[in-house]
Amino acid sequence: MVLAFGMAILQCLWGWESPIHKQFTWLEFSHGEFPLKLTGGIYLDKLSLALLALVTGISSLVLLFSQVYMDGERHLDRYWAYLSFFVFSMLGIVLSDNLLFVFIFWELVGLSSYLLIGFWFEKEAASKASQKAFVLNRIGDVLFLSGMLIIHSQCHTLDIEELITFAGNAESLSESSQDLLSLGGLLLIGGAIGKSAQFPLQVWLPDAMEGPTPVSSLIHAATMVAAGVYLLARYHFLLGLEAQMVILVIGALTSIMAALAAAAQWDIKKVLAYSTLSQLGYMMIGLGLGAWSMALFHLFTHAFFKCALFLVAGVIIHENHTGHPDSKQDIPPENDMRLMGNLRRKFPWLFRLYLPPMLALAGLPLFSGFLSKDGIILASFEWASNMKGNAWLIPTTALITSYLTAFYIGRQAMLVFGGPDRDMAEKHPLSWKMLLPIGILSIFSLSFIFSINPLDGEHSWLLESFSTLFGDAGHREPPFFELILAASILLPFLGLGRAYFLYRNGFSERSFPGFNLLSTHFFQDWVYENIFAKIILFLSNLLDWLDRNIVEGFFTLFSRITVNKSPETDSLGELSELSDKGIDQGLDKLGHLLGPSLATLSSRIDHSFIDGLVNGLVGLFRGAGKRTDQSQKNGIQAYLTGIVLSLLFMLGFIFWIIFK
Amino acid sequence: MPHLSILIWLPLVALLVMAFGPRKGKELYRWSALVVSLLQLIWVLVAALPQYLTEQAEGGKYFLQEKFNWIGFSLGDLGRVQIDYFLAVDGLGMSLILLTTIIMPIAVISSWKLGHNVKGYFMLFMLLDLCMIGVFCALDFFLFYLFYEFMLLPMFFLIGLWGGPRREYASLKFFIYTLVGSVFMLLIMIGLLFSFTDPELNTDELRVYTLNMTHMMASSGGELLNVVDGSIFDLGSTLLGVNARLLAFVVLFVGFAIKLPMIPVHTWLPDAHVEAPTPISVLLAGILLKVGGYGMLRICFGIFPDGAIHFQWYVGLMGVISIIYGAMVAMAQKDLKRLVAYSSISHMGFHMLGISSLTVVGMTGAVYQLFTHGIISAMLFLVVGVIYDRVHDRTIENFRGLWNLMPRFAFFTLIGFFASLGMPGFAAFVSELLVFMGAFQSAIEGGLPLWMPAVGTLGIILGAVYYLRTFRQMFFGKFDPHNTSSWKEKLTDLNLREYVMLLPLAALIVLLGVWPSLILDLFEGSMGAYAAELVEKGRELLNH
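Protein chains in written order, with numbering that gives the first Met the number 0: chain A, 0 to 659; chain B, 0 to 543.
Derived from the structure by calculation, the hints contain no laboratory data. Check each hint, because a few of them may be wrong.
[What the hints assert, rightly or not] Lysine to aspartate or glutamate pairs mimicking EDC-like chemistry, simulated, CA-CA at most 16 Å apart:
no. : chain 1 : residue 1 : chain 2 : residue 2
1   : A       : Lys-122   : B       : Asp-520
2   : A       : Lys-36    : B       : Asp-520
3   : A       : Lys-345   : A       : Glu-381
4   : B       : Lys-112   : B       : Asp-388
5   : B       : Lys-477   : B       : Glu-396
6   : B       : Lys-489   : B       : Asp-392
7   : B       : Lys-477   : A       : Glu-121
8   : B       : Lys-477   : A       : Glu-123
9   : B       : Lys-487   : B       : Asp-388
10  : B       : Lys-333   : A       : Glu-121
Just so it is clear, the structure is predicted and the values come from calculations on it, not from any experiment.
The following block holds chain B by itself, in its conformation from the complex (with noise of 0.2 Å):
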């Protein structure tokens, strides 16, 4: 069975089907963009998964495999450039695509309300779903570029078309933003089509150039097995006087860094959470960041896994930076969605302390710091919208003693909070501790400095102040109808509909903090595979 085919596709029959259909007439793309997505989750945890999990129980490295010659074309002298319509997932892959099928549902249930030409917004929404799900499986570098590329495109109409006040404004940057960082993609995709070859095509008379990934990761004792003799990224070219492989990695990792985002290029993410609407900024913090990271590990680590080694420190210090930034500013906001945003930033940068570790724990504590984040950022925005959608205001000042008038709310915020400030017992603090765990064992073997990771802690408690403080006004003291007497009326607490978001989140949140080996189990040996193969291939080419 094709199941990673049949998880991509399936939105965009969905997508057809609702072209065709009548302008009015809400409930049918509602249920079915809900009925496509649970199918998604369904067929992910049915079928794909317990196959993933019998072919990785007998070996490999890639699982779920599609591969197919999708465009070839010639070169004339040059060669022939054969790019592949190639589909697997490792345990990276996988991890996120079972979040992305979690996520996916709920964010439909979230846009349930949703007011005006609900047939353009489902349809946008369906691509979106295809998109992120192709990104995380395609193994063919031009596959991923595509799919990473026309995600920007319904992202940017969900926000310009259904956002807030600044939605122009917003939804602009966040495409400017990326489409910086996807341009940098594109010139190191053409770089590496003309600097490897396939094996099992290539033959004495004729190149043929591939995108195919695991060709390029392809390395042995500190050789590049495929590649093109003094091409661009061969090993010791150079590109404005400086080592080609080098700074290709460092030109993706900014393009990532951006998507994740990273200090100093984040600022498109506040603007666009603020105006986005819930299940929006649900999709952008759920599944959307992760792209950033995910591409960090395959695209970065992995076809540069030398850059990686070299750039260990830059890598620390920006997780670091972001850490401490993104906290030191939440505390500062005045809006519950920017606080939640920046928040958003500061996990992020455990995520690149944890990759920069270059530690089996650390980098697979980061994999799943992006599984977590994910359920809890979504319900985190989910408890954000609950508030917006009574009363059109999110200013923390003008909330007080909600726990009184809104109590099962303030169990759910309660919830979301703690979890994300990393209180054990909750998904998030398996993560951050594997995280830390692998940080200060390389800092002890000589990788990382050790202020590094424990300045990296300092996060954890300014991750308390802030959630603490906005909980504290909001929730305790007593309700104060001053001037804003129909409040009152309009705080009521959580209705079915939100319920069914909050419940599950809430308790795989809680399930994932007390099991974690429920989820790490499946894809720890396939990611910490991975993780030790990177690293060593690393060390060799760049010894070499």
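So that you can see chain A by itself, here it is in the shape it has in the complex (with noise of 0.2 Å):
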């Protein structure tokens, strides 16, 4: 992984100016109007080399980490094999030239997903977020599917390079063709919105925190939840103003939303979770206000400070891992921060490299995240100040996101780090292995990395070559720049003043009115669960017993008409009976059978067909199988009837075709 690193680095320097773009055919047919020809093929321009050095590097370093992490766990080939097919599937959507295999390895993604999240499968709460996350990504991937099959059937190519130049010519077309091509862009918000976790497919992230925790890290935090931010960055041609502004609502929505639930959790694992929601909720403001290179930005800072809260979060549940009796809900004890304090003195320079990330979180100009955030929200205004009607609501939200990201941040900072002590693990040196890459990811947290001056991202080396990319650069003063800004930098040191006067004394019972409202994010889950899960499987049911009774009560009526009696006794007992003694021998019985019913076949005729369909139908009205008639006891019978009467109303069919 370090040497795919490396290669990444290497290949960054060498192809950053000039896109490469190489192509094979996958799938080529050559009749019908439109002959189809399904490439596959790698594209780098300097997006893609980006994400590539930082799909690689974050990668190596959780690896390096997973080493002390995942010591002892039983299955760890398994692990390793996951999280490689992981890297190879993401990998694959950062490269792939055209959207087919961006969905192909899209797929893919979410089946490694699947069996990380799933990895400890042995517990029941695991193996239900696991089919949880599938599923819920599933319904984004259909989208996305239908989305790029409409796109197709317009443009007959899924490659990115043409895909441009059609949207390129996109005014020359009709009308309906328009149409069809924004919902096309339509549709594939849907995957984005599975994959980066929006609303209202958001529930799983947070139950994927079941995974072990570098999984959660590396996949749930700073790399697969991004694809859906990217696959929109990229394909952002494709997207019509309609669609860029059910973006903007649903990343809103999203941000308020999991900003305040992660201010009601419990769990160290879920706030950093729902966190993750509500950061992927800017970056998706951020693609629909159309400022793609800054959404862009934010993922990479995300990234890594993410990332890094993750690592500490890690480390924090790998040391605790001994068990506490006093588990006060269905938290698991190593996770819970109420048992959690003053872990600042045990582990002095875990809180020192937890530093950065967490003020990169919350916003504070010299971090990273101030400059991204910073970025989207004077975006905002700036968007808002050219619309009418209700737009500022988007603008407000974000700064009261930032004012909540500050506050729960600046809450598990108390929580974890401060406080009074509580006696969880013991005091003791951490591994080099865990420290280092939290240690890195921490110096990525710094805005130095990013951008000399601290309080403008715009000069930012990252984003400026994005923007080339995007050509939507260009300075950003929104009206009353100056007291926007003073804003985005104050309401973060608001919330964690105000985290810091909550809980200096630790953790206290006392919360807040609507705790349980937001904890439980809204009761989306519960409405999933108890309401929409259950129609699906109550019309699942109602279906099947319409099967079973209705549908199938076709053949039982006619074979109670055609027969007399119905099917389900025991109709070829004596044959069965005969199977040992060979076939050969039970032909034989078979035509002995035959031979006297074919002999009685015609006084049969009148009374199993006619009396059968008066009693048949007499017996539909008395109640199933409640028959007594015996006379007609062997099966064979049945179907001879059948044939017999079939043959009849052939011949008859044939004399009429001839003579007609």
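Combine the two chains into a complex, taking the hints into account.
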């Protein structure tokens, strides 16, 4: 993996300026109006190179961390295999040059995520969480697939360069095909909503924390969940204005809902999970505003600091993993922040490394998070100033979220590292394999890595290179620029301060109003599990019942009419007894059975058909299976009657055709 | 070389040899069945397929042709009836023959542990083998009908004599249902016989009626070439006040839909699967259902292309209903085998959606769907068989935590399940992708309504739901030997025989998922040409 990272860096240095595009043909059809040609290939430009470096870099660090974290687990071979499979698929998404291959790797990433969340499959919660993640992702994926196919039916290509050309000429298309194209773009968002965990499919991500913590940090914080943002940014030319509006609203809704929920969690990982949702919501806001490069910039800064925070949580969980008797709720004790406190004293280095990413998430100046978050907030104000109506709701939401973000992460810091001592974990030195990755990620949480000026992200090297790619560069200066800047600097301080005063004495049971509402994430899960899932299960059972009783009933009715008995009873009984004696004897016996039957058939047709019709109808009303008529016992006769009846019918038909 | 005849009659030779063999002595019958089925596979790969490709490169529609006058009799003043022994394949037939010869040896290996009456079993098996290959290459309607009908008989006995507790019921039901379909087909066949004449043998004095399908399909510029004027299936003929050709399309379609099976004529399938022994389930799902799909394309769509255009909406609708209904009912199943059976129904819905798109991509995808589903469902039924062999139970709820107990088995099940739910990288994804590509294209061009493919994609979500629920229930969690204490010893991991069956299938599923052009490049040209021609002719005939 380190090797891969090294190669990625080399590749970056070599191919930064000019895109590389190599293709092969995957499937080719020669016939039809529009010959089908599906290609695969790689497309390397600044964006994919930067992500390549990000994915391989963070993966290397997390793999190093995993060596200690996962030490002593069973089935480690599987763990490494799944992780490698994940990195393979993730790189596939990043490098692919067309929507189809993005989709293929997209689903493979979902599969590896499923396997990794369910790594501890003996735990009930983990197995449920993995299933939930996959199914909710699949809903998004199916929307993605539909969108992709609609686009394909319009453009007859899925290759990015050809799509760009096609979208560039969109004005020349007819109105209906423009509508379809924008419908396709709209459906692509579905895919991003699934993978990047946005409302209303976001509920899988908090549950996904059942996976091992390094997995959470790599997949469910830094890389996989960013794939949706990457997809939308990369294929932004397919998105119409309505689509952007949808993204904007979804992003804003997710970010504030998740930030509120994060403020009411006791599980150390759940806080971070909701925080990830909220930050992804930020990126979506950025995309919705059309500030593509700003959203991607936030993707990068977020990947580093969130991954670091997860790894810190991982260290704490690992060190606490002795088990604690006093578990308050269904949270595992080693994850429960109420049982932690003053870990600053026990793990001083860990605390020092924790601070930069934590402050970056809170969005304080001098840290990376500020640059990108501030950029998005400014962009949203600028956008709102050009719009009318309720547009101001979006920037306000972004500001409130930034306050809440500082509050919940401050709360976590106070609960875990501040407050009074609790007798969790022994004080002892931590392995360098754990601290080194966190340290490196911490350094990347500082603002000077990205930009010299700590208050101004606009001249960051990364952002500028993205801007040249997307052509959305430019100084953003909405009205009241200074005021907004001040608010965006001050609000995090307020949030941190509030957290400090609320939790300086450690955790207290005293909670704020609506705590329950928030901690369950507005009962969204409850609604899904108790309403949607129940409805689907009910429908499924109903259809099954119909299938067994009604659709099946036609057959029973049919056989009762023709055979005058239910086929359920012993019909081939005599034959099956013979089975051991050899099929040839069985066939002999069959002949014996058939002989007499044929002889009496003509009279039987009268009896069994006409009588049977009447009896069958009577029997239907009387209720099933109560027949006492034993006169016709042999089931072979059932189909014989059927054959003869059909033959008669057929003969009539033939005569009619010939002599009509 | 008469490749197709060799493939068809090789099992018959084996069958005759077996018939004179001793009653006891399992080894002889097993090994000869295995050798015959492997010989067929090798013959296809080494001789028939290369020959097919050479002929395909030279152009034409049907390859590996063998045609003899077979039955001819005079009807006095009416003329003469000529029935040919006419075998030939195109991409459609050849791909399904390849599928049959791949599945066959695996089904034989899966029958290895069969306890009683091995002789009779393998004789019927060979008969079935013969009919299945015959059905995919017979181009004379009468010959097709013979193979089609003869398939019923061995299947009926194989389920009825070697099946589970309710085998009599299941086999009878299977028989009655498919018989109804056959009767439908017979009616149409007789009508067709008196509607088409053989252009090569016809003279001014003597009309030579034929059942050769290529003559029935021949049309140009909206005119049927070989039709008898004013006959029952001439353009514009009516029957019971409706267009006779359209009526025939519907009747034939229902006949094949029973075989496929389509909702609501599907109820024989779950029962037949539940009662059938594992190898028979493998054949049933792997090949027999495909006969229905093949028949739809070759017979219904091929001979009555005007019906295909006219009923496009209805075929698509039935496809979508099958997809959703099959998936929903699968979700409610407690028996693993029933679940897989209903998922088959759902997947055959994709086939119908594909052919109803009337686009080259969609129809080729639908044929490929037959191929991939054949391999995947065979694998799934083998997976069910592994469990059932050990503990004689298939109830999903009774299993827990099998992953730790049988990790290798879990691995293969995972491949089977994920392949079946359409995960990219496995074969079924490609076929479903092509089907939906065709269906969406059709929707954009004004064929199917847009909601049909859109609703169809829900089947993909539902597929994930029922497979993952099952996988979680059976393989995740802790193994609980609470009331099943003897199970722990019985549930051992795969043995060599099971590896030999599962490994090739799994490898093929992955290979075809990653490299679909391996198979598609061979057959796509011919299938696409067939589909394109069919649609064009259908439009012409309907507009005429």
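Okay, the hints, checked on the actual structure:
1. A:Lys-122 x B:Asp-520: Violated. A:Lys-122 to B:Asp-520 sits at ~46 Å, over the 16 Å cutoff.
2. A:Lys-36 x B:Asp-520: OK: A:Lys-36 and B:Asp-520 at ~12 Å, within 16 Å.
3. A:Lys-345 x A:Glu-381: Not OK: A:Lys-345 and A:Glu-381 at ~46 Å, beyond 16 Å, violated.
4. B:Lys-112 x B:Asp-388: At roughly 10 Å apart (the allowed maximum being 16 Å), B:Asp-388 and B:Lys-112 satisfy the hint.
5. B:Lys-477 x B:Glu-396: holds (13 Å)
6. B:Lys-489 x B:Asp-392: Holds: B:Lys-489 and B:Asp-392 sit about 12 Å apart, inside 16 Å.
7. B:Lys-477 x A:Glu-121: It holds: about 5 Å lies between the C-alpha atoms, which stays within 16 Å.
8. B:Lys-477 x A:Glu-123: Distance of about 9 Å is within 16 Å: holds.
9. B:Lys-487 x B:Asp-388: Holds. B:Lys-487 to B:Asp-388 sits at ~14 Å (cutoff 16 Å).
10. B:Lys-333 x A:Glu-121: Given that 16 Å is the threshold and the Cα spacing comes to 22 Å, the pair is violated.
The structure is inconsistent with the numbered hints 1, 3 and 10, although it conforms to all the rest.
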